[in-house]
Amino acid sequence: MSLDKDDVRQIAHLARLAVDDQRLPEHASNLSAILEFVEAMDAVDTAAVEPLAHPLEMRQRLRPDQVSEENQRELFQSVAPAVEGGLYLVPRVIE
Amino acid sequence: MMEWETVIGLEIHAQLATRSKIFSGASTAYGADPNTQACAVDLGLPGVLPVLNGEAVNMAVRFGLATGCSIAPHSVFARKNYFYPDLPKGYQISQYELPVVHDGEVTIELDDGETMRVGLTRAHLEEDAGKSLHEGFEGVTGIDLNRAGTPLLEIVSEPDLRSARQAVAYMKKIHSLVRYLEICDGNMQEGSFRCDANVSIRPKGQAEFGTRAEIKNLNSFRFVEKAINHEIERQIDLVESGGTVVQETRLYDSVKGETRSMRTKEEANDYRYFPDPDLLPLEITSEEVERIRATLPELPDAKKQRFMADYGLSAYDAGVLTASRDQADYFEAVVEAAGGEAKLAANWVMGDLSGALNRDGREVGDSPVTPAMLGGMLKRISDNTISGKIAKDVFEAMWNDEGDADAVIEAKGLKQVTDTGAIEAMIDEVIAANPGQVEQYRAGKDKLLGFFVGQVMKASKGKANPAQVNELLKKKLSG
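Protein chains in written order, with the working numbering: chain A, 618 to 712; chain B, 276 to 754.
By construction, these hints were calculated from the structure, which means they are not laboratory data. Everything numeric in this text was worked out from a predicted model, so none of it was measured. Ideal Cβ placement from N, Cα and C applies to all residues, glycine included. Be aware that a few hints might be false.
Listing some non-contacts, in silico: residues in chain A with all C-beta distances to chain B over 10 Å [what the hints assert, rightly or not]:
#: 1; residue: Q639
#: 2; residue: E653
#: 3; residue: A664
#: 4; residue: A665
#: 5; residue: D682
#: 6; residue: S685
#: 7; residue: P708
Computed Cβ-Cβ distance ranges for the label pairs, DEER-style [claimed, not checked]:
#: 8; chain 1: A; residue 1: V661; chain 2: B; residue 2: D386; range: 55 to 63 Å
#: 9; chain 1: A; residue 1: D659; chain 2: B; residue 2: R477; range: 54 to 62 Å
#: 10; chain 1: B; residue 1: E384; chain 2: A; residue 2: L692; range: 17 to 25 Å
#: 11; chain 1: A; residue 1: Q627; chain 2: B; residue 2: Y359; range: 50 to 58 Å
#: 12; chain 1: B; residue 1: S516; chain 2: A; residue 2: R633; range: 33 to 41 Å
Put together the whole structure using the sequences plus the hints.
In structure tokens, the structure reads:
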């Protein structure tokens, strides 16, 4: 599988990465090489292999339903760029 | 003119009634000051790890068991990637390929008494996002992350629904179920129970589905019905005038009563789901499932059948009474306190009680008239201490904290007059005062009996036993 410039532009947009247009061909070629490398695994017959959801063969530990966190708003908001009335402020989002 | 068929599927989001969040120990209590219940995990700060709340899993399994779903012995959490300020991590932890619960069904009852089955594709666990507040700010948006990380069960139906009314009946059914199961408080104003509706149209008889539009965030039964009906009309108008429906997300504007486009869902795979490496697979053993099954309460359908069989109620009455567990419990406690009289109890619970609750905006759980008080009053109706009419006054007095039925009857002197002599004396007075009507009655105008009953009841200030009045009047008038 190989990616073209448009694919790279789209992926960059989804990841909110600013990619210089001039470097798109280079990224396309590098990313395509990675995909080709992974494609080598297609040669393996996996018909009898169970899909692996996680490399650790353990089950999810569950937590009792108890409130254990205290209010630390002041601490968390001390590093926020802008707050007002307890709210985090961000550039206006219009729906 | 082409005949169209509507196809609807609902995605219902039910906030699970846990005390703490799905992946953190922050409180889920509603209405706290902004961001006072948003901890480091909810904020997506670097270095934190999610730990799954066992109670959220229990609740999902309860729902699955109540709807005949399969409980996945092995399910997986996935990251759904998108950027929005109320989602600090840049992804929502959800379930994608292997949901915890899948393939079940519910039976819904329509207004005409018909029933239909609605398939459930799946129900999966995920975290809620925070809230964006746009009003009162100039050029910025305020973000409250208290809701971020609240556990949600997303319940996805098959595209089995064919009209807005069916969709509402289905949503009400799920609403009733989650409250019976005590897994969601069902509060739609607070957003604890809301839905997205996928709506499409196709020519009647066509097998393939049309392109669907998704209407987001409908938080009342009325809006669901109106939004879907509007959307059906919009799509038919569009197609009949030569246009095509595009797959997109639409928002219902309850003020204008219409839906409008939010953003185009260009590709479904924009979310780039992948298994969340921070969470291990969720394993649920059959022993755990059986342990949870043993704790399930009697569910609405079974309760309705039992009410019909045990109390001799009509399907309609049994359906109304079992719509909520609190109301069903209240009714049964009234019957218990009254020592029977199920039909009378049903009438009072569905009539005066529910009228008073509506009027004062109260829930049955905090009715000032307890089941014991109402049952006690019904006893006084059945032993003829008071008439049904006087009982309405007694009920109002009990509602206004004037004590139980016996105290009210005593204090207000409402005890029914059953002394034959006293009633006869009143009848004699009424007969003497209305010679004209007596003559007409005796001449064959039977309908006048009602007039005489009314006069005697008035003379007794409503306290005479109506059955006795009737009987004695007939005797006297014919004599």
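query = Can you list which hints this structure breaks, lowest number first?
reply = 5, 6, 7, 9, 10, 11
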